[in-house]
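Required output: the full structure, derived from the provided sequences and hints.
From first to last, the protein sequence lines are chains A and B.
Per the numbering used here: the first sequence = residues 1 to 169.
Per the numbering used here: the second sequence = residues 170 to 241.
The hints are simulated quantities; they were obtained by calculation from the structure and are not laboratory data.
No residue lacks a Cβ here, since even glycine has one placed at the ideal position from N, Cα and C.
Be aware that a few hints might be false.
[Said to hold, decoys possible] Listed below are several chain A residues computed to face chain B (Cβ distance under 8 Å; list not exhaustive):
(1) ASN90
(2) GLY100
(3) LEU141
[Said to hold, decoys possible] Some, not all, of what chain A presents toward chain B, calculated at C-beta under 10 Å:
(4) MET63
(5) THR87
(6) LEU89
(7) LEU92
(8) GLY103
(9) ASP107
(10) HIS109
(11) GLY138
(12) PRO139
(13) GLN142
(14) ALA145
(15) TRP158
(16) PRO159
(17) ASP161
(18) TYR162
Each chain, written out:
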Amino acid sequence: MKFQISLEEEPKLDEGTNLQPVQAQAPACPQTQGQLPACAPLANPYVPYQQKNPTVYPVRRGMIRGTLFPGLDLPFMGLVNRTEKTTPLNELQALCFSLGELGLYLDTHPDDTQALELFNQYNTLYRDGVEAYEKTYGPLLQNNAAQDGSYTWLNNPWPWDYQKAGGEG
Amino acid sequence: MFVYEKKLQYPVNIVNTNPRLAAIIITQYGGPDGELGASLRYLSQRYAMPYPELKGLLTDIGTEESGRFDYP
Numbered sequence: 001m002k003f004q005i006s007l008e009e010e011p012k013l014d015e016g017t018n019l020q021p022v023q024a025q026a027p028a029c030p031q032t033q034g035q036l037p038a039c040a041p042l043a044n045p046y047v048p049y050q051q052k053n054p055t056v057y058p059v060r061r062g063m064i065r066g067t068l069f070p071g072l073d074l075p076f077m078g079l080v081n082r083t084e085k086t087t088p089l090n091e092l093q094a095l096c097f098s099l100g101e102l103g104l105y106l107d108t109h110p111d112d113t114q115a116l117e118l119f120n121q122y123n124t125l126y127r128d129g130v131e132a133y134e135k136t137y138g139p140l141l142q143n144n145a146a147q148d149g150s151y152t153w154l155n156n157p158w159p160w161d162y163q164k165a166g167g168e169g
Numbered sequence: 170m171f172v173y174e175k176k177l178q179y180p181v182n183i184v185n186t187n188p189r190l191a192a193i194i195i196t197q198y199g200g201p202d203g204e205l206g207a208s209l210r211y212l213s214q215r216y217a218m219p220y221p222e223l224k225g226l227l228t229d230i231g232t233e234e235s236g237r238f239d240y241p
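Here's what the structure looks like:
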């Protein structure tokens, strides 16, 4: 038996305007939910569109939850980290993580001025934080490794050297 | 482009070293279903991506995935 593919029955993807989210007639969803297209082809899995102006966690909380956005906070098996660490390095890690999260959000929501503002604000905080951190603890980037006249890039500790007190190794 | 930062993405304080466990974990970096392969797939697929916002997403996700396997 021969299979015949009819070209006429191919879906016309150019007419895919029904794939756009319909913001106008759709009811406003709560902050933690997204929107789906009103009409859509059958038997396709969907990821809802994240809405504009999402609420965000504070940076440290976002870091331990694994996402900056409460709407995307769906912990696997209900397991989450609980301890918010407060070391100077953790402050930077949390800011860096939040910047990454906002960057991903802005990729798909580039017109969200509130998110842009927060992005710039965290960026300034991160830049200043790195500068302050490097003065005390040494360079994070090799480019900054000779600012005081000597080359400090090779100084310990390296990131794999951090150990919890009481460990064996 | 790869730029090394002398810090981890997430704080880790090693309590005990365990080479046997490390041998399993390292396959998650470079093994057949590891982060290295995943990040390279994102970064290759973006060349054929016609939508700018998804071009950006694939770039950023691929970069973030590299951040996970990049050695401390």
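Now for the hints, and whether the structure bears them out:
no.	hint	verdict
1	ASN90	holds (5 Å)
2	GLY100	holds (6 Å)
3	LEU141	holds (6 Å)
4	MET63	holds (7 Å)
5	THR87	holds (7 Å)
6	LEU89	holds (6 Å)
7	LEU92	holds (7 Å)
8	GLY103	holds (6 Å)
9	ASP107	holds (4 Å)
10	HIS109	holds (9 Å)
11	GLY138	holds (8 Å)
12	PRO139	holds (7 Å)
13	GLN142	holds (7 Å)
14	ALA145	holds (9 Å)
15	TRP158	holds (7 Å)
16	PRO159	holds (4 Å)
17	ASP161	holds (9 Å)
18	TYR162	holds (5 Å)
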